[in-house]
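Just so you know, the protein sequences line up as chains A and B, in that order. For the first sequence, counting from 1, position 27 maps to 26 in numbering that gives the first Met the number 0; every step adds exactly one. For the second sequence, counting from 1, position 297 maps to 296 in numbering that gives the first Met the number 0; every step adds exactly one.
Mixed in with the good hints, there may be bad ones.
What the hints assert, rightly or not - Cut-off 30 Å, straight-line C-alpha distance, at most; resulting in silico cross-link-like pairs (BS3-like, lysine-lysine):
1. A:Lys117 to B:Lys380
2. A:Lys117 to B:Lys211
3. B:Lys140 to B:Lys354
4. B:Lys170 to B:Lys98
5. A:Lys117 to B:Lys254
6. B:Lys370 to B:Lys67
7. B:Lys295 to A:Lys117
8. A:Lys117 to B:Lys219
9. B:Lys170 to B:Lys140
10. B:Lys370 to B:Lys170
11. A:Lys117 to B:Lys370
12. A:Lys117 to B:Lys54
13. B:Lys198 to B:Lys380
14. B:Lys254 to B:Lys102
15. A:Lys117 to B:Lys373
Stated by the list, open to error - Covered stretches of chain A, going by a simulated chain B footprint (3 or more residues, C-beta under 8 Å):
16. 89-99
17. 115-125
18. 186-200
19. 243-252
Worth flagging that the hints you see were computed from the coordinates, not collected in a lab. Note that the Cβ used here is the ideal one computed from N, Cα and C, for glycine as well.
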Amino acid sequence: MANLGEQLLNALTLAGLLFLVSAGLSLVFGILRVVNFAHGVFYMLGAYLGYTTVMLTGWFWPALVIVPPVVGVLGALLESSTLRFIYRRPPIYQLLLTFGLALILEEALRILYGPTAKGIDPPAYLQGAFALGTLLYPRYRLFVIGLGLVVAVAVWLFLRKTRAGLVIRAVAQNSEMADCLGADVARVRTLVFGAACALAGLGGVAAAPMTTAYLGMGIGVIVDAFVVVVIGGLGSIGGSIAGSLIVGAAQTWGAFYLPETAMVIMYAVMGAILIFRPWGLFGEEE
Amino acid sequence: MRRRDFLQVAVAGGVGASLGVPAFLRKTWAQGGPIKIGMPAALSGSNAQYGIQAKRAAELFSKDIKGKGILGRPVEFIYEDTGGDPATAVRKAQKLVEKDGVKFLTGVVLSSEALAVSAKCPEWKVIFMSTINGAGALTAKAWHRYFFRVNTSGPMGARAISLYLAEGPMKRFFALGSDYAWGRDSVASFTTQITAAKKEVVGTDYPPVGTKDFASYIAKIRQSKADGVYLALPGQDATIYLKQAHQFGLNREVKPIMEILELENMKAVGDAMVGAIGSSRYPFTVDTPKNRDFVKRFHDLHGVYPDMFDGETYEGLEWLGQVIQKAGTDDVEKVIEAWEDSSYEGLEGPFFMRKCDHQAVQLGFAVEAVKDPKYPHPIPKILATYPGEKVTPKCRTEDFS
């Protein structure tokens, strides 16, 4: 029983991290219609800036609060200085641009931080394990599960219950009509892009105590995040939540019960879902 | 101007220019100019830390021989970034050989790159000096006379740690190797040797390269009730594993045993790594006068302590320099002859380049990561040292008698 519980918690931890990355990726696609290859790099940037903040202040919490807005502002600046000018071009331009940005940011981090991975310790009272009945589980992982849950609820409420969320959904559905009705589409796009980057940055800070901050972590996570978004449906937050849970479960349970298939099982699940719902679980048929 | 006229002018100009060059420079040209060493190393991508180690060693070596050179000729290093990709490595190596005219290639990082580049060296007639590559095949199935391995190979590392464990109290082991050639080979080699020592391997798993959550594997290792877990994971994966195993409290129950115990991991993992044991190809804490002096010079230049491949690459370059000096020329065939069956006093002890497969026979080390207030990160403490004959495989094989 303890074993099943542990596997469930492992899946939820991974799902929590994946959600923080994939939610932004999905939103950016929904609003900007851009497949953002640079998204993973903002996750990596969050982890490295988190490391710097912890080194400067000696605390973990400031990193969790300060870093996401910083990453968000940087993302918004990049959107308004580069991406904005090529929305009307064919998608290949956007692909090249975001891929190029990813390479530039990654090499910049290498020059600034050097090639060695940077480790952060979780805050003192999240170190060690927590007893859940007979099961001992690391406290920090429970925190990551909680964080993913809180952010998921917050993003969902924001999009469904606020006026700003309404405007965002309107732009996602039909940007020209929203423009005619007085929404500042360019501004919405910049803000959404920034917010998506901030979420990825938050994911990076949260991941750093588990995985350390390392070069290549952005590329690693973006592949999984794309699978999440494809399973859940592009542009849907509910889809990101469902997709994260499915990918988290496939990866952790696959590695435990069917280790030889650890690599393929996630893609097998994705393939199976695409056969029945090519637009993803929560996506809309176009 | 017609083409022929242009050529005539150009040739005349060239001759004139060379006559105008100061005599001392013309002298070096007559001898073939600087001795060029090509380094097609992974300087970007996820294995860049190893390419950077090779480069750091070359930088210190350049500084150390400044003014003297080799055979009175300056030494020039030419770096190319392979990104860790075998096809790119071959292309960059070919450029170094054909365009830059290097006769010596070194600094190649991944075994997959080394196998691809080394295969071309008999055709190019250049020496491939490995200072990093672990794959046993390089001095066995894939060996040729242009290939030299100065470093401890993967099977040699597995041998050293197996010898150490054979004498120890641990009985049950779990083996975790990355799902590619090096990880699988190491696990196989470890399993053979540890079973021969009447110990038991109770479980084996091969996580994919780049795994970022080891929780499932950690749960399995705990269930197996092993005394120790043998890890053949590349740099970053090992860092993540150790960090997470520490958070699960697993390191206290199941001792981590690393195929290679590197400073890179110790810096990133920090105190959570203390207590891990493993083999080391070059522990910078070896107490020889030569090494103490090297560590100081290295730290003065780079501001960090030398990791395994810093030390091994430096040794390779110094040895190569001595061999060229002994041969009295940088002619490749003559250098090969001079190198075979030659000895060298390395940083950690004596080296011998055996003729049969060009594997350098050298000491093997079992080390433990310990805390020392003098250093900003854990350091390798030497637990046991094994003589070269005990840790070097039979000629042109990966087996030990």
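Hint-by-hint comparison with the structure:
Simply put, A:Lys117 and B:Lys380 have alpha-carbon atoms about 23 Å apart, close enough for the 30 Å limit, and the pair holds. The straight-line distance between the Cα atoms of A:Lys117 and B:Lys211 is roughly 15 Å, inside the 30 Å bound, and the hint therefore holds. Using a Cα cut-off of 30 Å, the hinted pair B:Lys140 and B:Lys354 holds, with the two alpha carbons roughly 16 Å apart. Pair hint B:Lys170 plus B:Lys98 does not hold up; C-alpha atoms about 55 Å apart against a cutoff of 30 Å.
In summary, the hint linking A:Lys117 to B:Lys254 is supported, as the alpha carbons are separated by about 23 Å, within the 30 Å threshold. Annotation: proposed proximity of B:Lys370 to B:Lys67 is violated, straight-line Cα distance about 40 Å (limit 30 Å). The suggested pairing of B:Lys295 with A:Lys117 holds, with an alpha-carbon distance near 25 Å, which does not exceed 30 Å. Of the supplied pair hints, the one linking A:Lys117 and B:Lys219 holds, its CA atoms being roughly 27 Å apart against a limit of 30 Å.
Under the criterion of a C-alpha separation no larger than 30 Å, the hint pairing B:Lys170 with B:Lys140 is inconsistent with the structure, at around 33 Å. Simply put, B:Lys370 and B:Lys170 have alpha-carbon atoms about 26 Å apart, close enough for the 30 Å limit, and the pair holds. The straight-line distance between the Cα atoms of A:Lys117 and B:Lys370 is roughly 18 Å, inside the 30 Å bound, and the hint therefore holds. Between the alpha carbons of A:Lys117 and B:Lys54 the distance comes to roughly 21 Å, so the proposed pair stays at or under 30 Å and holds.
Distance restraint check for B:Lys198 and B:Lys380: the Cα-Cα separation of roughly 25 Å lies within the 30 Å cut-off, and the hinted pair is therefore satisfied. Restraint check for B:Lys254 and B:Lys102: not satisfied, since their Cα atoms lie roughly 45 Å apart, outside the 30 Å limit. For the proposed pair A:Lys117 and B:Lys373, the alpha carbon gap of about 20 Å is at most 30 Å, so the pair holds. A stretch counts as covered by a chain when three or more of its residues have a beta carbon under 8 Å from one of that chain; for the segment 89-99 of chain A and chain B the count is 0, and the coverage is violated.
By the rule of at least three residues with a Cβ nearer than 8 Å to a Cβ of chain B, the coverage given for the segment 115-125 of chain A holds, with 6 such residues. With 0 residues having a beta carbon nearer than 8 Å to a beta carbon of chain B, the segment 186-200 of chain A misses the requirement of three or more and the stated coverage is violated. Figure legend: the segment 243-252 of chain A, annotated as covered by chain B; annotation consistent (3 residues with Cβ-Cβ distances under 8 Å, at least 3 required).
Violation of the numbered hints given earlier is confined to hints 4, 6, 9, 14, 16 and 18; the remaining hints are satisfied by the structure.
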